[in-house]
Amino acid sequence: MTTVAIKDTDNRDAVRRKSIEALTPEIVAYIDECARDEHPHSRLIGALHKVQAHFGYLGAEQLDAVAQLLQVPAAKVTGVATFYHFFRLEPRGKFVISVCLGTACYVKGAERVAERLQEELGIQYGETTSDGMFSLEGTRCLGACGLAPVVMVEDQIFGDMTADQVPALLEKYMKMSET
Amino acid sequence: MTSETMVTLTIDGNEVSAPAGSTIMEAAESTLGIRIPRLCYHPDLSMQGSCRVCIVEVKDVPYYMASCAVKIAPGMEVRTNSPAIREARRDIVELLLDNHPRACLTCERDGNCELQNVAYASGVRERLFDGERKRFPIETDNVAVNRNQEKCILCGRCVRTCAEVQGVHNLSQQGRGFTTEVAPAHGCRMDDSVCIQCGQCINACPTAAFTEHSFTDDVWRAIADPETHVVAQTAPAIRATIGEGFGMKPGTPAAGQMVTALRRLGFDRVFDTNFAADLTIVEEATELLRRMEGAGPLPLLTSCSPGWVNFLEKFYPELIPYASSCRSPMSMMSSLLKTWYAERHGLDPKKVFVVGVMPCTAKKYESRRPEFMSADGVPDTDAVITTRELIWMIKNYGIDLAHLPEDDFDSPLGESSGAGDIFGTTGGVMEAALRMAVEKLTGAPPASLEFTEVRAVEGLRERELKVTDALTLRVGVANGLTNARQLLDAVVNQEKTFHVIEIMACPGGCIGGGGQPYPPRGYRIFDKRLLAERASALYAIDQKKKLRSSNHNPAIQALYKEFLGAPGSDKAHKLLHTHYTPRLPRGIR
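Protein chains in written order, with this note's numbering: chain V, 115 to 293; chain W, 12 to 600.
Simulated from the structure, these hints should not be mistaken for lab results. The C-beta atom is built at its ideal place from N, Cα and C for all residues, glycine as well. Among the hints, erroneous ones may be present.
With the C-beta cut set under 8 Å, the calculated list includes, among others, these residues of chain V facing chain W [said to hold, decoys possible]:
(1) T123
(2) Q185
(3) P187
(4) A189
(5) L261
Covered stretches of chain V, going by a simulated chain W footprint (3 or more residues, C-beta under 8 Å) [unchecked claim]:
(6) 172-182
(7) 193-204
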């Protein structure tokens, strides 16, 4: 209808560039593939898993980048990220300590172990020590009820835990990080 | 209807037949007139079934069913009001209340709150479940829409409205369990989000989890200061709805009483934004005609609706060059008040306090755009109050608007054509523009000034209007941004061509704006009947006027002669036009 020159006011490319910078090329390729899916929304959780696997947590920039690349509203992306217990919005420590709060562990005194961990580390569940060394989590049953109460550090299981064993356990990982 | 399309069931012992596919809630209402209490349900939104207030007993089903979510089946035996249901429903409502502030007496929605109504109707008379109540920081400093999650009952009506009616998807439930809240992404402030400030979440909320940011204190203060010259300008749609706040039937025009009320509140001058609507039409029709001669891209997208302008900048920045550069009528008026009007009356512009009475929350945001401020940062429109806020001020003063005598707007910024009046309803800007554009294109006023083709309250219209043998105008009209997206996508994908597209952010246009009165009893939000009645008030005013085309308004003609020069002049551009900028965060569409 018209041949007049139209000024380019689009910011789509700039927004995409910024999103790509917040992620890795592998994750971008994965999300681009998800975005071509018939139901991109249903791939959101998978994309968030990829991001958390790489970064250890879901930062605000990364969540916005997922929203833009997958074209899922950002409110929905953060809604999902804050709904599921597994997703973390803060960077986590070098070692994640998970205290099993399942029934068997609870009965066998997991709470006392957890209290000692909180006392020694000076943090609550979901928090990370200021030196970035340890994060503390409460977790549901780990399927090792025979060893209750159970504490898991990264992916190693420690069974029959007592509160008194906590300082030695932490010492062990402090030393490990030095070497 | 044949028996195959009807389903026979029993509701409260009565055998009834209702169309197949109806829900229990719909069947109870359509056959027996039983309105089952509800909170999260809205017929125009997707089904949620989360509030559980509408539960009923269904024979042989071992649990209570949400009547909004269950379709009727042959032979179904439903009880909507057994003693057990009444008790369970009361308990459910009581549990909602126990996680809700006990602040009805000081709440903005006292007397107008659906939760309050349901609580009373369901018989909650004492509070048995006194438990912990959720606590959230309350946002009170957004420019247009404030958020108070302590009052939220998680019905999701705002979430669905924002996504389904407006296509904005700014709101979602964040977190889970007891600490779940409805918030924008990252739980950020509304002002920092992709929110377009339309305020439909305020209308959709059954309580007061969303409210407009009130400017009434600023207005009272300005009125009380004898040094300040306080000027009101009232948008076209206010006169169609303000009466509802005083028990007048929806659709009753109340311009005259509104003017009297504003004078009694103490405004020094009461002007009509309709005057600036006429001015907008003269500028915008001039812009359209120039673009049709090749001076700019088509379609011309109208720019009166600030919610739509925000949507354009955040969701469709590539279409910015298509938007009319005309400021909204409010901002044109304020610009003139701070320049021409102040100069003409020997007033210091800093002592002129302009109050926009708007059906709109996005107008509050518009008034704080730097483009519409003086060099030293004083807004052209000092305060924007909604219809609801003005109703409250009038009540606060102890005035019953319904029984006031009528009065006229002040001159000359109070004189307007009927074209200005219809700006307040969807299709109105288009019709007003056509009245002038057709005259300019054919050299004579159109045979009929009523372009009924573009009238209706439905969300989307595409029309072809034969102007001359050689020219057919293609026009699009949309209200509600999900509807608008259909037209915008067609333009982006070059699937359709239009000369003009009128977009109003809110359902029905300004008459359904985010600052309009909560629907009176018997109506609901997005109610087509309510919107049609409100629109009829504007068409009635238009029809009664002798002056019905903006370009024939003598006050407008005098303004050009005396001050602005010609339509589209440099001076007109400086004072009456604007520009747009892509804004972040970019919306997902």
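Evaluated hints:
no. : hint    : verdict
1   : T123    : holds, 4 Å
2   : Q185    : holds, 5 Å
3   : P187    : holds, 3 Å
4   : A189    : holds, 4 Å
5   : L261    : violated, 29 Å
6   : 172-182 : holds (count 5)
7   : 193-204 : holds (count 3)
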